[in-house]
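Listed below are the residues making up each chain.
Number of protein chains: 2
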Amino acid sequence: MSFPFKQVDVFTNKPFKGNPVAVINCMDTTANTVLSDRQLQDIATWTNLSETTFLFPPRDPANDYYLRIFTPTSELPFAGHPTVGSCKAFMEFTNRDQADCTIKQECGVGVVQLTVKDGKSSFKAEQTIVESIEQDMIAQYTESLGVTPISTPKLLNVGPKWVVYLVSSGKECYDANPDMSKLAEICRVNNHTGIILGGWKQDNEYEMRAFAPVINVPEDPVCGSGALSFIRFLQEENQYQETTEIAITQGGRVNRDGRLHCQIIHHPDGEKSYHVGGDALTVVEGTIRTQ
Amino acid sequence: MSFPFKQVDVFTNKPFKGNPVAVINCMDTTANTVLSDRQLQDIATWTNLSETTFLFPPRDPANDYYLRIFTPTSELPFAGHPTVGSCKAFMEFTNRDQADCTIKQECGVGVVQLTVKDGKSSFKAEQTIVESIEQDMIAQYTESLGVTPISTPKLLNVGPKWVVYLVSSGKECYDANPDMSKLAEICRVNNHTGIILGGWKQDNEYEMRAFAPVINVPEDPVCGSGALSFIRFLQEENQYQETTEIAITQGGRVNRDGRLHCQIIHHPDGEKSYHVGGDALTVVEGTIRTQ
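Quick mapping for you: the protein sequence lines, in order, are chains A and B.
Using our numbering, the final residue of the first sequence is 291, and nothing's skipped along the way.
Using our numbering, the final residue of the second sequence is 291, and nothing's skipped along the way.
Among the hints, a few may not be true.
Pairs involving identical chains hold if they fit within one copy or between any two copies, as the list cannot separate such chains.
Said to hold, decoys possible - Here are the simulated SDA-like cross-link-like pairs (lysine to any residue), alpha carbons at most 20 Å apart as the crow flies:
id, residue 1, residue 2
1, K161, N95
2, K14, K124
3, K14, P72
4, K14, R289
5, K104, G286
6, K154, E92
7, K104, N13
8, K104, D175
9, K104, K124
10, K154, M1
11, K14, D42
12, K161, E205
13, K104, N238
14, K182, N216
15, K14, T249
16, K272, P77
17, K161, E242
18, K124, I138
Hints are computed from structural coordinates only; laboratory data are not their basis.
Predicted model, so just to flag it, every value in this text is computed and none were measured.
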């Protein structure tokens, strides 16, 4: 038994310069094999990518597909770059690659809305909770990072829990050399996913890095939930009064060249919504054999 | 530009139960793109597999192909499971899947000989150097492993440098829970790749595990160079006087089901040669886009 397979590079338009996700197309309900939860996990363990996803038919026909997202060790209710990459794969699998449209993705957190425009996909955040953290904890993190924050770091709970640091410049961000073993230990004790470090470059453009050694990802090359946390933090810092676009570059220190296109939309009713997206590119295309 | 691509599962006949290697077919010399060394490394970083290989035409026409082997961070002169998997891919790419034959693989260490029989491939070791290690060092390793060796551990230099431990049974091997941070530190200080732990199951069948936290592989699921080190150690221990076949099972603790078929061949001239092989199965098949 085999299924259509794509390995998509996310937040880049150059092969091997983004964050990869493996996407397996299980939309064909006439297939006479159903993969068990154990098989889904086995496949994700085997690919060894940070995430492997499976496209299923939507449970509610008002939506476009149902996505299950697995790391090598567990299933996730949501994840950023896998959502952008899986949407790209869905568009290609259904021959809608050129179309501008909106997509409704069922996944563990509910229905996530995506906007596809000019080949780029962006998702709308379901949850962005800003929390303050204690001075003691900040002191520990600051020492392990070896940087000087220019404002008070905050905890962003967007599903993953990122502690967000803003430093004086994109260069200070790029040059940072955190002590990974110290950082892992502090994250473990506090039950945090990791650190998002950002610095201003020019206009509304920032350099960003994501460190999550406690989940065996010392540096995530290009991080969707990290970018979401970072723009939510910037809204808190800068108190933007109107819809604002923010460009984030990430991954240079780990030989990538990621670009995230983010939006903070101010709606007429006074509400704000947070959007993260970018390019995605299918690099490996073929089939995966499961028996 | 795209190249034929396979992701092969090695030392198993069940998808997702072996050790994967990505194999990219660059044998077509009419392709008007040549990949640079930097691109080869970028691809191997991006797949995130322990090894990614590239098949090129042999430099000496007496051989079958020239193989380059990359980890996510560097190029290797030789590696076991990537050799077995790349040979399988070569046989399929050249439509020789059913044939029994011998294959000569050019790679960093020279020409490696493989035997293909009944769909299984095995390679002949180029180097198996047995060295004794100091009691102090053994005491440190033993403490970090939490096991009781039943004979004196030795250092096996087969390219990678494995310290080989034999314990009382396959069960003791399977049940071991090493202290990975201690183990990583001892390996780092002594410039060793890691530990091979083996225990007897029945007849000439052993359970084996491979720990290499210092190279970011806490437990390698199924390890060709480890099996080579282990059978060379067993020859030293057991002083086999004739050609002996040894079966090794590996990977149960990391949700794999690897099987290595090994041979110690005693030649008429008194020389011995060491061979490691097994099944391999193409799981992902398609193309990889490089531009």
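Evaluated hints:
Proximity of K161 to N95 under the C-alpha cut-off of 20 Å is found in neither arrangement, the shortest distances being 36 Å within a copy and 50 Å between copies. Proximity of K14 and K124 under a CA criterion of 20 Å is satisfied in neither setting, with 24 Å inside one chain copy and 40 Å between copies. In this homomeric assembly, K14 and P72 come within 20 Å of each other (Cα to Cα) only across copies, at 18 Å, whereas the closest approach inside a single copy is 25 Å. For the identical chains of this complex, K14 and R289 are inter-copy neighbours only, at 10 Å across copies versus 28 Å inside a copy, given an alpha-carbon limit of 20 Å.
Proximity of K104 to G286 under the C-alpha cut-off of 20 Å is found in neither arrangement, the shortest distances being 25 Å within a copy and 29 Å between copies. Within a single copy, K154 and E92 get their C-alpha atoms no closer than 39 Å, and across copies no closer than 54 Å, so neither meets the 20 Å cut-off. In this assembly of identical chains, the alpha carbons of K104 and N13 never lie at most 20 Å apart, being 24 Å within a copy and 39 Å across copies at closest. In this assembly of identical chains, K104 and D175 lie within 20 Å of each other by CA distance neither inside one copy nor across copies; the values are 39 Å within and 46 Å between.
In this homomeric assembly, K104 and K124 come within 20 Å of each other (Cα to Cα) only inside a single copy, at 10 Å, whereas the closest approach across copies is 54 Å. In this assembly of identical chains, the alpha carbons of K154 and M1 never lie at most 20 Å apart, being 48 Å within a copy and 45 Å across copies at closest. For the homomeric pair K14 and D42, the shortest alpha-carbon distance between copies (11 Å) is at most 20 Å, but the shortest distance inside one copy (29 Å) is not. Proximity of K161 to E205 under the C-alpha cut-off of 20 Å is found in neither arrangement, the shortest distances being 23 Å within a copy and 47 Å between copies.
Neither within a single protomer nor between protomers do K104 and N238 lie at most 20 Å apart by alpha-carbon distance, with minima of 31 Å and 64 Å respectively. Within a single copy, K182 and N216 get their C-alpha atoms as close as 13 Å, and across copies as close as 17 Å, so both meet the 20 Å cut-off. For the identical chains of this complex, K14 and T249 are intra-copy neighbours only, at 14 Å inside a copy versus 41 Å across copies, given an alpha-carbon limit of 20 Å. Taking CA atoms no more than 20 Å apart as the test, K272 paired with P77 passes in neither setting, with 23 Å inside one copy and 55 Å between copies.
Within a single copy, K161 and E242 get their C-alpha atoms no closer than 27 Å, and across copies no closer than 61 Å, so neither meets the 20 Å cut-off. Taking the closest pair of Cα atoms, K124 and I138 never come within 20 Å of each other, the shortest separation being 29 Å inside a single copy and 56 Å across copies.
Violated hints for the displayed structure, listed by number in ascending order: 1, 2, 5, 6, 7, 8, 10, 12, 13, 16, 17 and 18.
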